[in-house]
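Trainee: Line by line, the protein sequences are chains C and Y. For the first sequence, this note's numbering assigns the number 203 to the initial residue and increments by one for each residue that follows. For the second sequence, this note's numbering assigns the number 8 to the initial residue and increments by one for each residue that follows.
These are computed hints drawn from the structure, not numbers from a lab. All C-beta atoms in this analysis are idealised placements derived from N, C-alpha and C, irrespective of residue type, glycine included. All the given hints hold, so there is nothing to weed out.
The list that follows gives simulated cross-link-like pairs (lysine to any residue, SDA-like), each with its CA atoms no further than 20 angstroms apart:
| no. | chain 1 | residue 1 | chain 2 | residue 2 |
| --- | --- | --- | --- | --- |
| 1 | Y | Lys131 | Y | Val97 |
| 2 | Y | Lys44 | C | Arg315 |
| 3 | Y | Lys131 | C | Ser239 |
| 4 | Y | Lys44 | C | Asn238 |
| 5 | Y | Lys108 | Y | Val135 |
| 6 | Y | Lys44 | C | Gly340 |
| 7 | Y | Lys131 | C | Tyr246 |
| 8 | Y | Lys108 | Y | Val127 |
| 9 | C | Lys334 | C | Phe300 |
| 10 | C | Lys353 | Y | Gly64 |
Which stretches of chain C does chain Y cover? Using the computed rule of at least three CB atoms under 8 angstroms from a CB of chain Y, they are:
| no. | region |
| --- | --- |
| 11 | 241 to 254 |
| 12 | 334 to 346 |
Under 7 angstroms between C-beta atoms, here's a sample of chain Y residues computed to sit facing chain C:
| no. | residue |
| --- | --- |
| 13 | Gly34 |
| 14 | Val37 |
| 15 | Ile54 |
| 16 | Leu65 |
| 17 | Ala117 |
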Amino acid sequence: MENPYDEVSKSSDFEKNMGRAALGDFSSLSDGLEANSVAQAELYRSKGWVRFLSVICFIYFGVMAVAAIWVTVMSLAVAGGSAFFVVLIIIVMGFVVFRVALVMSLISSALKRLEGSRSFWDLEAVMGENLKVWRIVGILSLLGVVLRFLKL
Amino acid sequence: MKESFNPYEAGQSHLIAGDGGGDAIKGVPVSEKAMGKMFATRVWVVIVLVGLVVNLGLNLYEIYVSVSVAGGYFFQEELIGVFVSVVFGVIMTVFVARYCKALGRFKERATEESFERVVVTQSKVWRVFGVLLLSCIVFILMMMMVGLILAFRV
Numbered sequence: 203m204e205n206p207y208d209e210v211s212k213s214s215d216f217e218k219n220m221g222r223a224a225l226g227d228f229s230s231l232s233d234g235l236e237a238n239s240v241a242q243a244e245l246y247r248s249k250g251w252v253r254f255l256s257v258i259c260f261i262y263f264g265v266m267a268v269a270a271i272w273v274t275v276m277s278l279a280v281a282g283g284s285a286f287f288v289v290l291i292i293i294v295m296g297f298v299v300f301r302v303a304l305v306m307s308l309i310s311s312a313l314k315r316l317e318g319s320r321s322f323w324d325l326e327a328v329m330g331e332n333l334k335v336w337r338i339v340g341i342l343s344l345l346g347v348v349l350r351f352l353k354l
Numbered sequence: 008m009k010e011s012f013n014p015y016e017a018g019q020s021h022l023i024a025g026d027g028g029g030d031a032i033k034g035v036p037v038s039e040k041a042m043g044k045m046f047a048t049r050v051w052v053v054i055v056l057v058g059l060v061v062n063l064g065l066n067l068y069e070i071y072v073s074v075s076v077a078g079g080y081f082f083q084e085e086l087i088g089v090f091v092s093v094v095f096g097v098i099m100t101v102f103v104a105r106y107c108k109a110l111g112r113f114k115e116r117a118t119e120e121s122f123e124r125v126v127v128t129q130s131k132v133w134r135v136f137g138v139l140l141l142s143c144i145v146f147i148l149m150m151m152m153v154g155l156i157l158a159f160r161v
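Bound-form chain C, shown alone (with noise of 0.2 angstroms):
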């Protein structure tokens, strides 16, 4: 059970970890699972990958943010600002590619942390970013299967 007056527990997790380790507490690590050099390897190999999907995201994101800016504009100057519920979804969308350009960018950062380090937390940042990703893919999938049958 975490002690709250505990100041490691209290902390961020890289700090947290470097003082269990510190400490010698590797309490946390499972029974002897290691990732081997092939997993290793395939996680590095990714990292080129997930950084290419991230600038997209990245460029994706900057196009929606000139589309805001452009209907915004010309609403204002022809519609008197009558489109406003489209400007509201590309800026809802907007924040999305951004999420996810923002999370793909953390899981390629950290996996270049841990080719450095090869440290335990450093694969707990990738899993967690990589979980995170997923929840915002899973979301949307799940919104869009939602929208196709009212499309339907």
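Guided by the hints, dock chain Y onto chain C, whose structure is given.
Mentor: Frame of chain C, contents of chain Y only:
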């Protein structure tokens, strides 16, 4: 000789991780927290897989309706677009299904082999997504160029 660990010195993480240093690739310990995150990922991967399968089914249904029932409702370019999305959908579904299966096996029995399988399939998913995204960009650019060429010809 085993190196000693100094918690106040930078660049000692390889000692903390317990691999003892050295140039050869040694194993990275997989913590229970990392395993928990991988197990939690599986739920979302299943949801994505279901979404992909449903979308694939709806796309196939759309093609069936447009070709046989409505007697060619789609323009040729639209039909090509739906056909390409079906092909991409099949490829993505196959790779996500493999990843999901590997996560399921890892959840049943957490061994080094099952972990390796998860990482390999996960890496393949990112690679395939990257390649498909690249193909999509190339495809869109090609369609735009064909459209422009046809417009200037007429």
